[in-house]
Every structure is written in C-alpha cells, then in structure tokens.
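Residue numbers (the UniProt record's numbering), protein chains in the order written: chain A, 1 to 385; chain B, 1 to 385; chain C, 1 to 385; chain D, 1 to 385.
A few of these clues could be false.
If chains are identical, the list can't say which one is meant, so a pair holds when it fits in one copy or spans any two.
Cross-link-like lysine to any residue pairs, in silico, SDA-like; alpha carbons within 25 Å at most [what the hints assert, rightly or not]:
no. : residue 1 : residue 2
1   : Lys-269   : Arg-290
2   : Lys-3     : Gln-281
3   : Lys-338   : Tyr-48
4   : Lys-3     : Ala-99
These are calculated hints, taken from the structure and not from any lab test.
Protein chains: 4
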Amino acid sequence: MAKLLWGMIGGGEGSQIGPAHRLGAGLDGAFDFVAGALDHRPEAGREYGQRLGLAADRAYGDWREMLEGEQGRDDRIDLVTVATPNATHFEITKAYLEAGFHVLCEKPMTMTVEEGEEIVGLARETGRICAVNYGYTGYALVRHMRAMVARGDLGKVRMVVAEFAHGHHADAADADNPRVRWRYDPAQAGVSAQFADCGIHALHMASFVIGQELDRLSADTVSCIESRVLEDDAQVNLRFDGGAAGRLWTSSIALGRQHGLTLQVFGEKGGLRWAQEQPNQLYWMPLGGRLEVMERGGPGLSPEADRASRVTMGHAEGMPLAFANIYADLAEAIRARKEGRDMDPAADLYPRAEDGLRSMAAVFAVAESGQGQGVWMDARPPMFR
Amino acid sequence: MAKLLWGMIGGGEGSQIGPAHRLGAGLDGAFDFVAGALDHRPEAGREYGQRLGLAADRAYGDWREMLEGEQGRDDRIDLVTVATPNATHFEITKAYLEAGFHVLCEKPMTMTVEEGEEIVGLARETGRICAVNYGYTGYALVRHMRAMVARGDLGKVRMVVAEFAHGHHADAADADNPRVRWRYDPAQAGVSAQFADCGIHALHMASFVIGQELDRLSADTVSCIESRVLEDDAQVNLRFDGGAAGRLWTSSIALGRQHGLTLQVFGEKGGLRWAQEQPNQLYWMPLGGRLEVMERGGPGLSPEADRASRVTMGHAEGMPLAFANIYADLAEAIRARKEGRDMDPAADLYPRAEDGLRSMAAVFAVAESGQGQGVWMDARPPMFR
Amino acid sequence: MAKLLWGMIGGGEGSQIGPAHRLGAGLDGAFDFVAGALDHRPEAGREYGQRLGLAADRAYGDWREMLEGEQGRDDRIDLVTVATPNATHFEITKAYLEAGFHVLCEKPMTMTVEEGEEIVGLARETGRICAVNYGYTGYALVRHMRAMVARGDLGKVRMVVAEFAHGHHADAADADNPRVRWRYDPAQAGVSAQFADCGIHALHMASFVIGQELDRLSADTVSCIESRVLEDDAQVNLRFDGGAAGRLWTSSIALGRQHGLTLQVFGEKGGLRWAQEQPNQLYWMPLGGRLEVMERGGPGLSPEADRASRVTMGHAEGMPLAFANIYADLAEAIRARKEGRDMDPAADLYPRAEDGLRSMAAVFAVAESGQGQGVWMDARPPMFR
Amino acid sequence: MAKLLWGMIGGGEGSQIGPAHRLGAGLDGAFDFVAGALDHRPEAGREYGQRLGLAADRAYGDWREMLEGEQGRDDRIDLVTVATPNATHFEITKAYLEAGFHVLCEKPMTMTVEEGEEIVGLARETGRICAVNYGYTGYALVRHMRAMVARGDLGKVRMVVAEFAHGHHADAADADNPRVRWRYDPAQAGVSAQFADCGIHALHMASFVIGQELDRLSADTVSCIESRVLEDDAQVNLRFDGGAAGRLWTSSIALGRQHGLTLQVFGEKGGLRWAQEQPNQLYWMPLGGRLEVMERGGPGLSPEADRASRVTMGHAEGMPLAFANIYADLAEAIRARKEGRDMDPAADLYPRAEDGLRSMAAVFAVAESGQGQGVWMDARPPMFR
C-alpha cells in the first residue's frame, strides 16, 4: 500500500508538539514526512527540515512558500498539519483548504467563533477534510467509552464529570516569565487562558464520549496569581443537547497534578471512570454489580477499541499511540476518498472542524459567563442554533 | 483517671450511626456508656439499651424521660450524643443545653438557620459544649493538612477542591423505596438533599483544613432521577473569607464511587491531596519539588496528627478511629473544664455549634442559588455578617 | 449482656502492642479491662495500671502476683492477654492455662517446638482456650478470602504468594541501636529474626485463607547488614498438605515498603489479591472474566466477612478493628462455653495454640534450611506428623 | 540524516511481535523497513511484505534467500531483526553475523549455552553488533533506575526483587490447546517454560539495573497444571557478582495479573520500585526520608532517562516507545561506527549477545536446580567463569 505524503507547518526545533506529530504520523508507516515549513525563521526551518530528512526543495521557509511549492507538484502532500502559534491557525488552515489540501489543525482551530464558522463552511464547500487535533480522543479506552455509551450499556447518560488540572503554572515567581506570561495576556491569548488551553480538551472528550453536543454553560473563572488577567482555574457547569448535565474543572495551579485529564460518566445503568495518566485501564461499575477493571487490549472490547490498540494487553500504550490513532483515522479517510469507497466506521472518529468551532463558541461563552457572575450562556455556535 | 459518663439518644437497633458512635465513644475507654433513649418506640429502646449493658433505670423510653432522669442524678452523664432523625436535633439539643449538659449533635444540627443561631446563642450563654459530628475531620491526616496550612507550608491558599460523591442512590427503580425517597422530598428533608446530606461534610472539611470560613457561593443543582424534587447532584463554587476560592462537587448517582470524600488544597508553595477511602496516605507536592507520600503515624508529622494516631505506621486506621478522635477531643475538653485548666490545643479541634450553623446557612444558600440559575449568595449566617 | 472481665500482662507504658490490645478488647464493649501486670518494674506497672483505671488491688506488680490474686477471686478475669517479651510467653501462658484461665498469647507463642507442643497438650488437657494473636486474620476481607476458598470459588488452590516486607531496619547506622540489635542476636531472639517476627504472620494468613497446613519448606535467608547474625530477609518456598505450593518473602530492609503484608491466591477458577495497607478492597479475577474490586461492607459477601464488619462500605476499617475481631471471636467462644452452647461458626476463626506451634516448627525449619543451602525440611511439628 | 535500512525475518501476519518491532524501528524515523522474509510460507511472506510496502525484490521467501539477496546489494540493510520461532534464532543469527550484518535477535538468543557462546564468539570476531531484544529495558525509568544505582544514590545494593507474573495460561481446559501446549513441552520448548519465556526478562532487567551479573541461583519450579512437563511457576533465589542477593518470581497461572513485570531494588541508602504496567512512575524511598514519586519526563532525571523520553511529563509513554529506545540505541551504535566515532554513552544501553548467553546459562541452571530440590547452581556461562 503506497504511503501517503505528509507535511507539517510549525513544530520547529525545541517545540513539544512537533515531535509528537512526527511520532503520531510516522508510527504506523502510513505517512511519509516529505514537506515542511517548520520555523517562523525561514533559514532555521529549512535547515531543520533537511536535518529531519526532507528534500532540500521541500524544506520550505514559510507556509506560503510551501503552499505554492506543493500546489504545483504531482506528488503533492496528502495531508498538512498546522502546528503554528494559535493566532495563525485560521489563516493557514483557510489557505490550504482553499487550495484543496486536507488539513489537520492543532487546537484551537481559530481565535473567534466567526473564523470557526468560516472554516466549517469552507471545509463543507471544498469537500476537504479539516480535522482538529483533540488527540486524547485517540486513546483506545476513550473510544471504548464512546462505544459503550452508544450501544446503550449505560442507559441514558445523566452526568459527565471532566477534569484537566495541572500545576505547571503555579509558581508566582515564574508567572512573569515570557514563556508562561503570554498565556494569561488577552492581547496574545484571546479571551480565555486555561479553559481555552486545556479545558476544551476535556469538554471535547466529554462530548465525544457521550455523543451529545454542548448546549449551555455557566462558568466561574479565577486568576489565582494576581498579575494574571485571564483565568488559571475555571469551573464550568454544562448542559448537553441530549439531556446530560456536566461539570468541568480545569486548572493550571493544581500542584501535584501532572496532567490530570480525567472523565467520569454516570448513566442509568452504570458508571465509567478513566484517567489520561493511566490510560490503559477503564473502571466500569454496572448498576447493582461490582467495580470492574477493563484492560486496553483485553478481550470483549468494542471494534473501535480493538482498532485503536497496537500491542497486547498489559503492555502500556501511551499518548504517542493516541495521536497515531488520529493519524490512522485520517489515513483511512484519505484512502477511502482516493479509492471512492466508504471509510471504516471504526476509524471515522477523528475530530472535525465542527468540533473546533464548537470549542471556540464554548471558550467565548465561558469567558462571558465568567465575567458575568456565572450567568448561563448559550454555548452553541450561531450556525448550529 | 475516672471515666466520663456518656449517654446517647437515637442510634437504635439496626441503625448505622448508633454503632459508630458507641465505637467512637468507647474506643479509648474515656467514656462509659451509661444512659440512653435509643429508639422512638419506648419499649424497644429500653429493651435494646439493657441488652447493650445499660442499667434498667437508665435505659429510658424517650429523650424527655432521659432528661428528667439524668438531671436528678449525682452521677449524671457528662456528655449526650444526639443521633435521632434530623428534624428532632434542634429541639433535643436545645433542651439538653438548657439543662446544662454538654452535647454532641449529629449533623445537620438544625433544619433552619434561625434554629442554628438559637443553638449557638444558647451554647454561648450556658457555657456548655455543643459539638457537631463532622466526624471525618477526626482523621489524623486531615488534621495534619490543617496544621500544614496553619504553619504556612502551603503559603497563601488559592484554591480548594472538595468532593463527596457516591452512587448509592443511582437506581431509578429504587428511588421510590421509602428508605431512599424521603431524602429527596422537601416535606421531610428540607430545602436540600445531597448537599445537605454529604456536601456539608466536604464543605466543613475544606473550611477546617484551610482555616477560613465560607463567604459566598454559587450552586448548580440537578435532579438526575425525574421523580425527585430535591437535588441528587450539586456543583458549588465557593469564596472564603481569607481569599481562597473553591469548588465542591457532591453526588449520589455517581456509580463506581463508594464514599468519595476527597480534598485537594492548592497554595502558593505546594498542593495537598487526600481521600477518605485511603485515609492513611496524604500526597504533598511542594512547589518545585516532587510528589511525596506522607503516612499516618510516620515521623515528622504535626502534634495534631500525632495525637490523633493510635497504631503504628503502615497499620491502617479507619473511620471508627476518626470518630474516636472527636470523642477524645470532647473528653479532653470536658476534663479540662472539670479540672479548671486550659485544654490541650492539639485536641481543640472538634466541630462546634458555629460550624453546624454555618453549614445550615450554606444549605439554604445552595438551595436558593440552585433555584436561581446559580446566582451568587451570601453564605454567612446573619449573626456572623 | 454482662461484660467479660479481661486482664493483660505486659503492654506497659510506651509499648506499641499494649494500646492495640486495649483498643481491640475494648472496642465492642464485650470486655472490661479489670486486671493487669503491665510492666516488668512492679511499681511502674502498678502505677500505670491505676492510671488506666484498674482498681488498686488488681493493678499487680508481676504476673505471678496477678495469677495468685485473680485465682482467689469470685470475679476473676475471663481472659488474660500475654503481651510480654517473647521469651516469657511460654512460662506465663503455661501457668495461666494450668490455673484454668483462657489465654490470648502474643506471637510467638513459645521459643521452641517442644514448648509449643507442651502448650498444645495443656490446652487440650485443661479444655481452656489458648489463642495466639495472628491479629491480621481478623480483617473482614481476609476472612472473606477464606470463605471464598472454602466454598469453592477458586476451585483447587494451586499457588499462594505471601509477602511481609518493610524497611524499618534498613539503616546500617541504626543496626547497633539496642532497640533494633536484639532482634538479630541469637542469644535474645532465637534461631530466626525477620521470619520469626513477620514471616509467620504471612505464613499463618496463607494457611488460614487456603485452609491447608504447611507440610514442607525450603528457605534462603540473608543478612543484608553485616553485623547481623540472624536474617533480615528471607524467601521461603512452601508445600501445603492440600497440594498447594507457595512463595513467601519477608524483609526488614525493603525501603519504601511500610507494612507490606500482602496475599495472592491462585486457584483453578480464579485469583485473589489483598494488601494490609489497603485492607478494605479485595481484588478478584474469575477465570475468563474481568478483575473485580470487592469492598468491605459491600453486598454479597460471606457471613464471616459480614460479622467482621462494623461500619458501612466506603468507610475504611483498619487494624484496630481487625484485632477487635479476634477479641470478638474470643468473647463469643467464652460466652458459648459459659452458656453451654455451640459457638457461632462465623466467629470460630481465632488462631489457636496449634497455629502457634505450627509457626514455631516453621521457624526452626526455615532456620535449618537457611543454614543448609535451602534443603527441603519437614515443617510439621512432630506431634502432627 | 540518511535513514538506516532495516529488514526483518519472521513477524508475519497475525504475529504479535512483528508489529511491535515495526513500530519500534519506525517510530523515530531512523530506520526504513526495506527487506523482509516474514513468514515460513514463502508465498505468504512475499505477499505480506509487499503489502507492508517492501519492494517486490526485497520481499523474500525465506531467510536464506534474503541473506543472499541482501549480501549482493550496495544498499544492503544496516540491521536485521530475527523474530522467528525460538529454535531458529541461533542458526539465522549466526548466518547473518558471519555475512557481516548487524543483528537484533529476539529472546531467547539460542536454545543452548554452547550455541550462546558461539554467538558471542562470532560477534566479537566479526565486530558486528549482536543485540538481544530485552525490550523492557528501553523504558526511560528503568534506565533511570540503572543510572541512580550507578551514580551511587542507593549506596551498595543489598537486595533486588523481580517479578514477571501473568495468568494467561491458567485455564486447565485450554492447556491442551496447541497454541499454549507447546510452551510446556520439552520437545518444543527446551528445558524451561515460564522462566525461559518471562523470567529471563525480569532477570535481565534486575542485572541491567543493578549493574551486576548473576553468579549463582537456586530454583523451585512447579507445574500447576498436571498435564504440563515444564514449569508454569518458578521462584528463583539469586546471588550477583557484586554482592547483591535477589528473589525472582515468575508465573503464568497468576490470575488477576496481566503483565506483572515489576522490580524493587533495595540499597543501603534507599529503595526503588517500578512496575511495567504503570511505567511512567518510579517510587523512590531515600533512607530516612519520604516516599517520592518520580515522573517520566520530569525535571532532574538522568541523561539516560532524558534521552529515552519523547513526550512531556504526564503523557504516558508505553511499550512501543521502550522498544523504540532499543532501536534508537542501535541506530546510534550503527551510525557511530559508520562515522568512526564513539557512540553517545547514554545510548550504549542495548542488550548484547553476552546478555543472551547469560540468560541461557540461567535457564539451564534453573531447570537443573528445579529438578534437584533447589540445589545452588553456578549460573555463569563457562566462558565467563
């Protein structure tokens, strides 16, 4: 099976997200990394790209040069990943979609709801794939939770409780460090800091698992460190369109939590609990039964979970393999299009432009509610109301 | 050292709370159980009391009979525990305080804020001890958390996150069972169900540990089972008088949680995490350091924690010993009064009528905020404003 | 129900085991602590006893004085606990049995196999209860494991894996501290240190749970700190009379383990795992099924587990309540004798003189095998061969 | 940097180990998979190879054909992985070494000690790399344990306790299934089953971490299922050449354990604990201190751990990334040779032919000791005595 050709914008030397994407895209051998504009400094980007094995003529200086270069090639890339600073996502994603490329955009997809609606419209119009990298939904057991809810194991979902808490910005002495400071500065980060950075991962995962979209929310946002304008801690109450309620807590001052992305789902017939730091176990409590521990790779899981597992039970799989599942979905989606066939439904799980748009609407609703004493806001993008 | 004499009202045969109090009071040998009115059916109460070893003339038929009987004795009880149905706590506690007895009242101390203020006033006026059984604050490591905050290990507390979630009322088929139903019926339970039953434990523990009183709150209350009028799930946002913010989640439909009373405290200089189900370990993350596991009974803890430990490190202590610590505090308080001396400050940690009153104010604030779209409420009792 | 009268020898001020016994005996209110010879220094013992509430004439100076005093009383004690230094257990236990008292002896019951056989013979001859305090078998879930094996849930037991590892004697600089040193000195401790101190708890628990007695063993004993003659770490391979094999590891230099008493049992139809540090959960893996978490106090457990539970599910019970279960068994045994009836079979679980004897035979077998390159030894006491 | 060229023998369709190697080799983009003889059925192997993207002329029918084909090419493979049935490892590895290829051989490297010595001699003679896939030593925190021991954090190592226990062969009804049965049949599996399959991973890891080689051992081997000739459970006592003692338990009937590869190391100055199922945390207990939790990717780890980490702290890395670290070491080793330079010492950690040989000597010693009542055996290969 011929490999698909893949390019990346951003993710230059020293970035954290660049290696994660290269790992994820390369892991199954479905994509060949053939083009890149990796750095905002053209020379550094070209040099680094070549060091990573790109041909000299495809190690571009910037995204516009790359767009021009790739557009003209017969062997143009099949997918481009946009991993640049947040404020540039919209412009780049838009340009590549218009030029007919499939795009995987890092979150947040845009900085405003209006931009988000434009991207959704463009993706629909051009028929191109526009995915957004909510990579944690690639975990096998997250997909299994979704499958359990979908097939009715929990009955009606009543309540979903999501967290994404860490303590990496808890140091007041470090708060004015430019590496940290920009995140809490409205001029650079927009209307929300911690919710926009981490909370939307938890929100998207909740929505993904329960198969319902967010309808309304009420937020309490707090800046625990005084010099910050934007919040470093937020509690959001949620109502979904299928009737579920939810609670979401996100924090960057939670010392002792490393990467506390967790999800609990409570339904009429059972409850589920999962934590990103121990992603290979899922706790399932059937009503009237006993707590059970489900193992990734174990027998009796769903096709969605099986497809997303690579190694045998008891061998931990981690985040790079979750990212790889997003890329595997995209490879399947692209191939299905090339071959004019329907895609494998167990792979049709990658997050879409619509999800990126919904997140942006939630971000603005959180910010407004947070400034408004927790007033309940409609959290839907206008185009979906 | 002569034993103190102890009596109990309520806690009849088959109750859960009765044995827990007898365990707690008897465990250190400080109290002798000598009087009781254990059942609302006089004969059953007298019979059960005698079976438990009470003398025939002190196995009373009801609390009034007991009050009269004990008042007249030279060897009258030193402490009475009120463990009757919630709606009777006020009347009984009031009567015994007025008669000059020390009282330990089960929570909730009263059904209204006004009653709570009356009890507080009475306790102050009579100089009698009026304690409220927030028994979970008796755990050695909960007391150590309080000591760490008090001595400045965490610096200024920024955020406290408390939970008390279980799934024991998740069965819709069981919701009309009278044993469960009354809890969600305003006619019997008052203005709040799950918050009043469990949430106030978590709230009191948060306040106890951080040494700050609740100032304001905003609540989102949900009834996940349709036939219920009162909430079975609540999220409450908190502001304390010392500047800390807080989040509190409580639920009775959280299948998979058994008794999920947990507390996380995040300060400028470190974070703490503790869970009631594994009460012998405390997780401490110093800013810039590594997560440490503190063991109950281990070296280097506070005097408050040491006093509250009975067996050596590595041997789990559980809930009965936490209750026993409340009784140990009360024994010390009563003895200090008898001996005309100051009490050991490491024992001066039992919850007071003031705490019971504050809880009641919080319950009403939660109910009103929950019905009012989460509007922020003053959560202080009028007498403390 | 009249209280039983209880006395203790040893367990003086500052000892760890004394408070644990007083807690255990007093916890359910079945025993009144009325007599004691608590210290090897007569005056200190008398004084401490009175401080603990003993009448002056029953706060004895030594065990002989106590024996004489109690023998002559109408209200003589129903049970005496022997919690003196190990080398004195035999003499004291023997004297009290001969005088017709029921005895609970701390482990080890004796220092030699011959003494153990003498005690067993004496207990049988006099018809008195002679119990040995393997107190960890009092945990509700340990008793549930035994019940599960007995009723066939595991099928034939194939393998049992027991550990008792801690790190409290790991400090070489502290090894010559007299408080530690005597334990590794044959002149004071006998033929074995760590196995005799901790290993026999794990061995007895294994035997208790699988309902089989030890037949043969092979041991590897190591002194990790050079100045020690006796072992601080031992691995023992086991064969039981019902066909099960076993592995037992015990260590006092295992830094990071606090009180690592754990048991795993593997049978034809399922496996069990339990750890003393988290005693309220039991992990059960049915063949072909999924790992389940059983909660102490939860529904569907055995009568043995239910009888040994005092507080509701989710409220941790710890070691003092396990000890209390041994005392509760003894109270029931003594009462059944007084009342001339059979005892409740769910209480007939306290460890016997026979268990103390078997432990002693195992200790000598371990020592001999350890010095003999791991040669397999018959581990049965001669009288049971 | 030009990619290295990689080939694989074995690992055909449906195998578990094939995908794990392809993941591991491909993950960093250092190796291109260009040649393979993947199946013992030539046509199936050719077809599968092409499906995986091999050129038709490098999708070989068997290993001899591949040897001949690759030998003649200018662009011959830089490394070949041997992932065929155990009995063929020796012959294939030998042939490729003789032809001048670098080899990564699956464990066990050979079926006899003599063959092992021949491979070691050949590797030394030819100067080719002959690595053996003890892939679990690729975990970042396993490497960090080694670094901590090496730099003296633990002081002298006293005791190492290793386990590799699972329950996947516990079903007696399944024991005659050919897929399981061969493992316990001496005609197919050699002298040992569970120790040779899993135990040697734990043994190698222990030796790797403490930096000492095995000297002597004593084993107790048990066949818990009667129809089995070879052991499904073994306990091995160990003595290392640097003075450490050890205990190793391995089992395939341990129901409830999924992949229980764990290591505990106890030294004069501290203790370490790690478990493969939660590989991103390491527990460190410094003498006189408190238990600390070290996080993979966290600050202050060793260069060896840092080099072996790909994603940020809190994002789990799993087994495929551990395998990838072995391949990363090999890539560095091969490149250093090509470039005539010393290799990065933090990468010089891949297991060698000498390790494969030592494992084989241990396997034979375990088998002989197990049949000989646990007699202590010299466990060193003759050439290292």
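Checking Lys-3 and Gln-281: alpha-carbon separation at most 25 Å within a copy, between copies, both or neither?
Neither: 33 Å inside a chain and 36 Å across chains, both beyond 25 Å.
Classify it for me, Lys-338 with Tyr-48: is the Cα-Cα distance of at most 25 Å met within a copy, between copies, both or neither?
between (31 Å within a copy, 22 Å between copies)
For the identical chains here, do Lys-3 and Ala-99 meet the 25 Å Cα criterion within one copy, between copies, both, or neither?
Classified as within; 22 Å inside a copy, 32 Å across copies.
25 Å Cα cut-off: does Lys-269 pair with Arg-290 within a copy, between copies, both or neither?
Both, since 12 Å and 18 Å are each at most 25 Å.
Checked against the numbered hints listed earlier, the structure breaks hint 2 alone; every other hint is satisfied.
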